[in-house]
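Those sequence lines, one after another, are chains A and B. Read the first sequence against my numbering and you will find it ends at 254, with the numbers running on by one and no gaps. Read the second sequence against my numbering and you will find it ends at 489, with the numbers running on by one and no gaps.
No wet-lab data here; the hints were simulated from the structure. Note that CB positions come from ideal geometry on N, CA and C, so glycine has one too. There may be inaccurate statements among the hints.
Below, in silico cross-link-like pairs of lysine to aspartate or glutamate (DMTMM-like), each with a Cα-Cα straight-line distance of 25 Å or less [unchecked claim]: (1) K151/A to E475/B; (2) K288/B to D70/B; (3) K406/B to E54/A; (4) K14/A to D437/B; (5) K108/A to E450/B; (6) K151/A to D177/A; (7) K151/A to E112/A; (8) K139/A to E475/B; (9) K478/B to E112/A; (10) K14/A to E28/A; (11) K108/A to D437/B; (12) K139/A to E450/B; (13) K14/A to D407/B; (14) K78/A to D436/B; (15) K478/B to E74/A; (16) K73/B to D407/B; (17) K236/B to E270/B.
Each pair of labels, with its calculated beta carbon distance range [said to hold, decoys possible]: (18) A429/B to L121/A: 33 to 43 Å; (19) P113/A to P69/B: 48 to 58 Å; (20) A429/B to G52/A: 24 to 34 Å; (21) Q398/B to D66/A: 41 to 51 Å; (22) D437/B to L121/A: 49 to 59 Å; (23) V144/A to A429/B: 17 to 27 Å; (24) D285/B to G57/A: 32 to 42 Å; (25) D437/B to T61/A: 22 to 32 Å; (26) F29/B to P118/A: 49 to 59 Å; (27) N3/A to D437/B: 21 to 31 Å.
If you want a taste of the chain B side facing chain A, the calculated C-beta under 10 Å gives, among others [claimed, not checked]: (28) L439; (29) R445; (30) A451.
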Amino acid sequence: MLNISNLHVSVGSKPIIDGLSLAVPAGEVHAVMGPNGAGKSTLSYTLAGRGGYEVTGGSATLNGEDLLTLGPDERAAKGVFLSFQYPLEIPGVPALTFIRTAMNAQRKARGEPEVSAPDFLKRVRAAAANLRMDMDMLKRGLNVGFSGGEKKRMEILQMALLEPRLLILDETDSGLDIDALRIVSEGVNAMRSPDRAMLVITHYQRLLDYIKPDRVHVLAAGRIVASGGPELALELEREGYDKYASSSQSVAAA
Amino acid sequence: MAAVQKTIDTVSALEAYEHGFVTDIETEFAPKGLSEDTVRFISAKKGEPDWMLEWRLEAYRRWIAMDEPDWAKLSYPRIDYQDAFYYAAPKEKDGPKSLDEVDPELLRTYEKLGIPLKEQAFLAGVQGSPKIAVDAVFDSVSVATTFRAELAKSGVIFCPISEALRDHPDLVRKYLATVVPTTDNYFACLNSAVFSDGSFVYIPPGVRCPMELSTYFRINASGTGQFERTLIIADKGSYVSYLEGCTAPMRDENQLHAAVVELVALEDAEIKYSTVQNWYPGDPDTGKGGIYNFVTKRADCRGDRSKVSWTQVETGSAITWKYPSCVLRGEGSQGEFYSIAITNGRQQADTGTKMIHLGKNTRSRIISKGISAGKSTQTYRGLVSAHPKALGARNFTQCDSLLIGKDCAAHTVPYVEARNAHCTFEHEATTTRLSDDQLFYCQSRGLDAEASVALLVNGFVRDVLQQLPMEFAVEAQKLVAVSLEGSVG
């Protein structure tokens, strides 16, 4: 499914990702953990195609298709979805309008017909109920005046409706209280399926109590320095990232 | 950053002006330049009564003694008023004409512009829309007015103003220049001397106008200015919703458009006036050509509890100088101004409103959304004033500016004058830049750059779009997207 090989990424001529390789097969959930400044957000932005993240080497493919030459909207149409650490506010655009516009744009890019209004509403109602979201929230400007937790739920709602194939969760647990964390995690778990791959990027092990990863990778100094099963996350929780500090010294400032 | 440049490129490339074609039609001109003879020529062409000619000549004499205003934040070379035609009209056969007799070339022109000049036809692309009566003004003359018979059944008069001068002289004489006096300002005075056509509307007491009225202005002839005059009177307890639209061909020269619009609302009457202005904005790169739009629009809320609402979507013109205003004379009268102004390329706009509170408990509301892209400059200029007798006057003003790219500018110049201690004025203003973060967020959900900008900008102007008659809101929404084409990439 997702294959990243020897990836190098610079931001403003400063190397951040430095030879990162990672493979997430279809049906699996992989966690990427690491200290602040290790390059976690750079990895998620690079995969989603944000401007200003310059790929200086390596490759990233989804089902064998090169992702890095595509624009962010083209990647979305191919099934890439990034759940933002800090979701943006879009004043004057109700969430319903936003999601429907996005859904139809993706469908158009794939040569599929537009979603009908009743069908769309039916899906939204079901997804919102799962995430315990009030429909009124979806009629206001997207994320405007929402709490941190509400914004994260909105991300997961979008993810559920857009039905991506590669799900990237960037620090989804930040800003969530325990109840919200549980609801969001349930939403994410509901999307696990044999034809989807999931990359869960997080600083804390806490989220992984709810979203059980198949594999855990440690990202330090722009590359994967250790990989293991779920027990690796527990070890990190106990012992911290100090053990991997030596390898991160070269780009500590990043 | 790359994404910013992309944004700028997309917004500037979208600037494809789709109304820039020229209609090939035989045209009759007045002699070039401006003199008393020009004024006499126009008046004679219109078959006007003597008092009207005298009125025009008086305006002309006052105008030559006036100076062109220079206080607006606009820069353009001096206009040579002798180097233009003040009257241009498609040559026509004798006699009055029904819709069937309108030159097919003209019909095709309006069809191309999406304006229905057939009574069974509705606005292009809007299925099942209600009936809309259209007055089509082509250069200096009205070429067709639809649904007149049907409107007449309700007592509504909707006709070219030149015709109203002949058929309803008393009404015209009673109200003309009572809202915008001849010498109000340089451009209004010029208009008074040389105006050639425009629409006249009278809604009798207690009548709710049965359909939307609209006037569609088209400048076609080269080297010609358009000077239209619109007068709308809503008698006691009546209601009317009126919309004007404007387009012009793409030309290298600058063409002058100096209109005067006067609205009179008597007791308990309400007028809703919407404008979708899309004159040719000039070449986005060189700034060559485009319309100079110097317009005076004012409403007199003469009767108690009367209400006037201005809604404007300004996307065109090289230069816009325009301040649709309300004189809130009647007790408890209300004025509203909702504006979306978009400038791109090298456009300059200095626009806003004046809310003059004269009566007790008068209320006004101003929502202005300015979007600047490319190398354009935009200024919101507004006056809110309360006179000593306007006790209990209230105003709420909100001015928001959105900047796209780094070469554009936005200014807000609010004037507030409270001459009594019992009025409440609120003013809010924001300036924001279209953020790369928002753009990327939209793109990461599958929208391309252009669709992302259109979505963000439509969100920004939503409060105002909602004020437009529904039939035109869709059109305006598209226009917003088209005007910003090419500002991102």
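Taking the hints in turn, this is what the structure says about them:
Between K151/A and E475/B, the direct Cα distance comes to roughly 32 Å. Violation of the 25 Å bound is thereby established for this hinted pair. Of the supplied pair hints, the one linking K288/B and D70/B holds, its CA atoms being roughly 21 Å apart against a limit of 25 Å. Taking the CA atoms of K406/B and E54/A, the gap is about 23 Å. The hint holds against a cut of 25 Å. For the hint pairing K14/A with D437/B, the CA-to-CA distance comes to about 20 Å; that is within 25 Å, so the pair holds.
Note on K108/A and E450/B: the hinted pairing holds, with a Cα-Cα distance of about 15 Å set against a maximum of 25 Å. For the suggested pair K151/A and D177/A, the alpha carbons sit about 13 Å apart, so the restraint of at most 25 Å is met. The straight-line distance between the Cα atoms of K151/A and E112/A is roughly 29 Å, outside the 25 Å bound, and the hint therefore fails. Pair hint K139/A plus E475/B holds up; C-alpha atoms about 23 Å apart against a cutoff of 25 Å.
A C-alpha spacing of about 23 Å is found between K478/B and E112/A, which places the hinted pair at or below 25 Å, so the restraint holds. With a CA separation close to 32 Å, the supplied pair K14/A and E28/A exceeds the 25 Å bound. Note on K108/A and D437/B: the hinted pairing holds, with a Cα-Cα distance of about 24 Å set against a maximum of 25 Å. In summary, the hint linking K139/A to E450/B is supported, as the alpha carbons are separated by about 24 Å, within the 25 Å threshold.
Between K14/A and D407/B the alpha-carbon distance is near 28 Å, which puts this suggested pair outside the 25 Å criterion. For the hint pairing K78/A with D436/B, the CA-to-CA distance comes to about 22 Å; that is within 25 Å, so the pair holds. The hinted pair formed by K478/B and E74/A meets the criterion: a straight-line CA distance of about 23 Å does not exceed 25 Å. This hinted pair checks out: K73/B and D407/B have alpha carbons roughly 16 Å apart, not beyond 25 Å.
Between K236/B and E270/B the alpha-carbon distance is near 9 Å, which keeps this suggested pair within the 25 Å criterion. Between A429/B and L121/A, the C-beta spacing of about 37 Å keeps the proposed range 33 to 43 Å intact. The given range of 48 to 58 Å is respected by P113/A and P69/B, whose C-beta atoms sit roughly 56 Å from each other. Distance hint for A429/B and G52/A: a CB-CB separation of about 31 Å, consistent with the stated range 24 to 34 Å.
The given range of 41 to 51 Å is respected by Q398/B and D66/A, whose C-beta atoms sit roughly 47 Å from each other. In this structure, D437/B and L121/A break the distance hint of 49 to 59 Å, their C-beta atoms being roughly 29 Å apart. Between V144/A and A429/B, the C-beta spacing of about 19 Å keeps the proposed range 17 to 27 Å intact. Taken as a hint, the range 32 to 42 Å holds for the pair D285/B and G57/A, whose Cβ atoms sit roughly 38 Å apart.
In this structure the supplied range 22 to 32 Å holds for D437/B paired with T61/A, their Cβ-Cβ distance being about 27 Å. The hint said 49 to 59 Å for the Cβ distance between F29/B and P118/A, and at roughly 58 Å that hint holds. Evaluation of the 21 to 31 Å hint for N3/A and D437/B yields a pass: the beta carbon distance comes to about 28 Å. With a cut of 10 Å, the hint placing L439/B at the interface with chain A holds, because the nearest CB-to-CB distance is about 9 Å.
Restraint check, R445/B versus chain A: the minimum CB separation of about 4 Å is within 10 Å; hint holds. Because the beta carbon of A451/B sits about 6 Å from the nearest beta carbon in chain A, less than 10 Å, this interface hint is met.
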